[in-house]
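Let the sequences and hints guide you as you build the complete structure.
Chains F, S and Z supply the protein sequences, listed in that same order. Note that this note's numbering numbers the first sequence so that position 134 is 134, with each residue one more than the last. Note that this note's numbering numbers the second sequence so that position 99 is 99, with each residue one more than the last. Note that this note's numbering numbers the third sequence so that position 54 is 54, with each residue one more than the last.
Read the hints as simulated data drawn from the structure, not as lab findings. Any given hint could turn out to be false.
Simulated pairs of lysine-lysine, DSS-like, Cα-Cα distance not exceeding 25 Å [to be verified]:
#1 Z:Lys110 with Z:Lys82
#2 F:Lys250 with Z:Lys6
#3 F:Lys53 with S:Lys117
#4 F:Lys42 with Z:Lys82
#5 F:Lys292 with F:Lys34
#6 F:Lys250 with Z:Lys16
#7 Z:Lys12 with F:Lys158
#8 Z:Lys12 with F:Lys189
#9 Z:Lys21 with F:Lys158
#10 F:Lys158 with Z:Lys18
#11 Z:Lys12 with F:Lys250
#12 Z:Lys12 with F:Lys248
#13 Z:Lys110 with S:Lys25
#14 Z:Lys16 with S:Lys115
Covered stretches of chain Z, going by a simulated chain S footprint (3 or more residues, C-beta under 8 Å) [said to hold, decoys possible]:
#15 7 to 16
#16 37 to 50
#17 53 to 66
#18 71 to 85
#19 99 to 113
Just so you know, these numbers come straight off a predicted model, no measurement behind them. Even for Gly, the Cβ is constructed at its ideal location relative to N, Cα and C.
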Amino acid sequence: MKKLGSQTIKFENPPSIIGTGTIVGPKEGQGRFKEYYDLILKDSIYQEKSWEKAETKILKEAVEMAIKNSKVPTDKIEYLIAGDLLNQIVSAGFAARELGLPFLGIYGACSTIAQGALLGSMIVDGGFAENLVAAVSSHFCTAERQFRFPLELGNQRKPTSQWTVTGAGAMVISSQIQNPRITFATVGKVIDMGEADPNDMGTAMAPAAVDTILRHFQDTGKTPDDYDLILTGDLGSIGKDIAEELLKQKGYDISNKYSDCGVLIFYPEQDVHAGASGCACAAVVTCGYIYKEMLNGKYNRVLLVATGALMSTTSTQQGETIPCIAHAISIENL
Amino acid sequence: MDYVMAFIVGGLICLVGQILMDTTKLFPAHILVLFVTLGAVLSGLGLYQPLVDIGKAGATIPITGFGHNLVTGVIQDVDQYGLLGVFTGALRSAAGGITAAIVFGFLMALLFNPKSK
Amino acid sequence: MPVLTKEQQDYKRFAKNKKPKPPLLKNMIMAFIVGGIICTIGQIILNFFVSRGLTPGQAGGPTAIIMVFLGSFLTGIGVYDKIGKYAGAGSIVPITGFANSIVSPAMEFKREGFVFGVAAKMFVVAGPVLVYGISSATLIGLIYYLLNM
Chain F
1 MKKLGSQTIK FENPPSIIGT GTIVGPKEGQ GRFKEYYDLI LKDSIYQEKS
51 WEKAETKILK EAVEMAIKNS KVPTDKIEYL IAGDLLNQIV SAGFAARELG
101 LPFLGIYGAC STIAQGALLG SMIVDGGFAE NLVAAVSSHF CTAERQFRFP
151 LELGNQRKPT SQWTVTGAGA MVISSQIQNP RITFATVGKV IDMGEADPND
201 MGTAMAPAAV DTILRHFQDT GKTPDDYDLI LTGDLGSIGK DIAEELLKQK
251 GYDISNKYSD CGVLIFYPEQ DVHAGASGCA CAAVVTCGYI YKEMLNGKYN
301 RVLLVATGAL MSTTSTQQGE TIPCIAHAIS IENL
Chain S
1 MDYVMAFIVG GLICLVGQIL MDTTKLFPAH ILVLFVTLGA VLSGLGLYQP
51 LVDIGKAGAT IPITGFGHNL VTGVIQDVDQ YGLLGVFTGA LRSAAGGITA
101 AIVFGFLMAL LFNPKSK
Chain Z
1 MPVLTKEQQD YKRFAKNKKP KPPLLKNMIM AFIVGGIICT IGQIILNFFV
51 SRGLTPGQAG GPTAIIMVFL GSFLTGIGVY DKIGKYAGAG SIVPITGFAN
101 SIVSPAMEFK REGFVFGVAA KMFVVAGPVL VYGISSATLI GLIYYLLNM
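Quick look at the structure:
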């Protein structure tokens with residue numbers, strides 16, 4: 001059996017990440033991981049007529065970069081698993097139209113990259129494909145107008161609000177044997193702790209991350225000592241503190257190896273309030289910084305726990321609370 | 001003196017809006033709706049005109065002044081035309097501001113695009 | 001509102017203390033100053049019209065029109081949202097903020113076309129303001145009419 005406990009998969013032949021592609025907007029390009037991105041846009045509209053077109057373009061190009069970096073010929077890529085934040089995941093669908101790859105569109109809000117990587121790894125380890133791409137995108141300007149306000153509206157952002165990352169990240173997952181490899185995956189449950197404030201995603205999502213991390217440790221018998229780095233997706237500074245404290249209450253002190261992509265990606269002086277969010281948040285950190293530092297050997301065992309808030313503008317306006325999810329993948333140098 | 005009073009009264013009205021925004025879950029749109037209604041009600045009760053007398057533009061420029069303007073128009077038209085005035089007064093009085101908002105809004109949308117963030 | 005379980009209520013209490021509060025005092029000061037400045041500009045325009053022979057009552061209309069133009073223009077050139085970031089309610093509550101609430105969605109949704117984009121989205125915020133402003137004024141007018149019958 002490849003299944004451990006109730007929610008975790010142990011890959012028999014851990015699939016490898018053999019190439020990644022990352023593109024980010026100009027603001028992200030001034031952030032902490034600027035040396036790790038493949039392309040930093042000068043203008044987030046990227047010479048397109050709309051921001052939605054720009055998002056499609058960066059997703060498509062990130063996939064092409066990942067394939068190029070993997071050195072696998074494009075005709076040997078068997079699936080594209082992709083998603084984004086826009087209604088009916090149009091960025092992914094439209095990018096797939098350009099790429100001409102067999103396409104599986106997925107939605108896990110900001111957790112989508114982990115969802116894509118774990119589904120991709122299941123496909124590869126299951127022998128249904130040799131090579132495939134998992135990719136996501138998000139764009140501040142498309143997300144803002146869909147979820148919040150027009151860009152030029154003179155409103156004040158709340159201190160709990162987070163800044164949607166403009167960017168796209170893609171990884172080629174392959175049955176070729178090379179480091180780093182995806183060894184375990186824990187599929188999260190949807191957790192709703194009754195938070196309803198769309199300006200405070202971190203507080204809403206933290207319990208989902210905690211639930212998945214606990215389940216991962218229980219299912220695998222691992223402890224925080226088995227990892228060099230535990231990285232949540234986009235809890236931001238508030239959600240990160242909450243997750244850390246909740247885990248401590250449950251007997252897992254991860255404080256010395258725990259961080260959050262949403263906290264890391266921007267410098268505090270970049271005025272993003274509680275941090276970053278968006279599908280691309282976990283994706284560009286994982287495909288950029290983490291992947292490259294794993295190749296360099298700085299990290300050898302990373303647990304990525306990408307988090308997502310599964311609400312819509314309609315559900316928010318109707319006063320619904322926010323259901324949240326977190327999926328975990330172990331990325332290890334074997 | 002006009003300027004000092006306009007500054008103080010206008011500033012205070014905005015300050016109340018800020019307190020509401022920061023201490024409740026109200027969005028800016030809620031604040032605007034609340035204030036325009038509040039201005040209308042206060043005006044109906046005869047409480048807004050004294051504020052206009054003190055603060056001048058400080059009381060008419062905030063959106064509460066827009067509510068006051070609508071009510072002033074309705075009352076004038078009711079005095080003049082009776083029941084019909086109930087339906088004509090508000091928009092007649094605020095016609096300039098509303099038309100300007102729609103026309104300039106449309107014009108600006110034609111001329112400019114939102115900036116990348 | 002959905003009914004929360006005990007576990008959810010406990011979490012809400014726990015998380016409440018973690019949330020940073022907006023810098024209320026600073027925001028209040030900024031709102032007061034910027035709101036005050038905008039109204040002072042309004043007063044300058046008003047006084048100009050009065051000096052040209054209008055009564056203060058008559059001058060209100062043209063003043064509003066010019067203030068709306070200023071709010072629209074500053075939104076168009078991408079300045080108003082930067083003011084709003086610091087001023088908060090100070091630039092939302094004045095009529096220039098009303099203009100901002102019309103122009104910003106109108107510009108934003110140009111790519112969705114001139115009917116369903118610009119013209120329809122223009123009233124996302126302004127629509128409710130007009131609906132409640134006009135309805136309440138009309139109701140007050142009706143009461144006034146009935147009381148004076």
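Here is how each hint holds up against the structure:
{"no.": "1", "hint": "Z:Lys110 with Z:Lys82", "in the structure": "holds (21 Å)"}
{"no.": "2", "hint": "F:Lys250 with Z:Lys6", "in the structure": "holds (19 Å)"}
{"no.": "3", "hint": "F:Lys53 with S:Lys117", "in the structure": "holds (16 Å)"}
{"no.": "4", "hint": "F:Lys42 with Z:Lys82", "in the structure": "holds (21 Å)"}
{"no.": "5", "hint": "F:Lys292 with F:Lys34", "in the structure": "holds (12 Å)"}
{"no.": "6", "hint": "F:Lys250 with Z:Lys16", "in the structure": "holds (20 Å)"}
{"no.": "7", "hint": "Z:Lys12 with F:Lys158", "in the structure": "holds (18 Å)"}
{"no.": "8", "hint": "Z:Lys12 with F:Lys189", "in the structure": "holds (20 Å)"}
{"no.": "9", "hint": "Z:Lys21 with F:Lys158", "in the structure": "holds (9 Å)"}
{"no.": "10", "hint": "F:Lys158 with Z:Lys18", "in the structure": "holds (14 Å)"}
{"no.": "11", "hint": "Z:Lys12 with F:Lys250", "in the structure": "holds (18 Å)"}
{"no.": "12", "hint": "Z:Lys12 with F:Lys248", "in the structure": "holds (18 Å)"}
{"no.": "13", "hint": "Z:Lys110 with S:Lys25", "in the structure": "violated (30 Å)"}
{"no.": "14", "hint": "Z:Lys16 with S:Lys115", "in the structure": "violated (35 Å)"}
{"no.": "15", "hint": "7 to 16", "in the structure": "violated (count 0)"}
{"no.": "16", "hint": "37 to 50", "in the structure": "holds (count 10)"}
{"no.": "17", "hint": "53 to 66", "in the structure": "holds (count 7)"}
{"no.": "18", "hint": "71 to 85", "in the structure": "holds (count 6)"}
{"no.": "19", "hint": "99 to 113", "in the structure": "holds (count 9)"}
When each numbered hint is compared with the structure, violations occur for hints 13, 14, 15.
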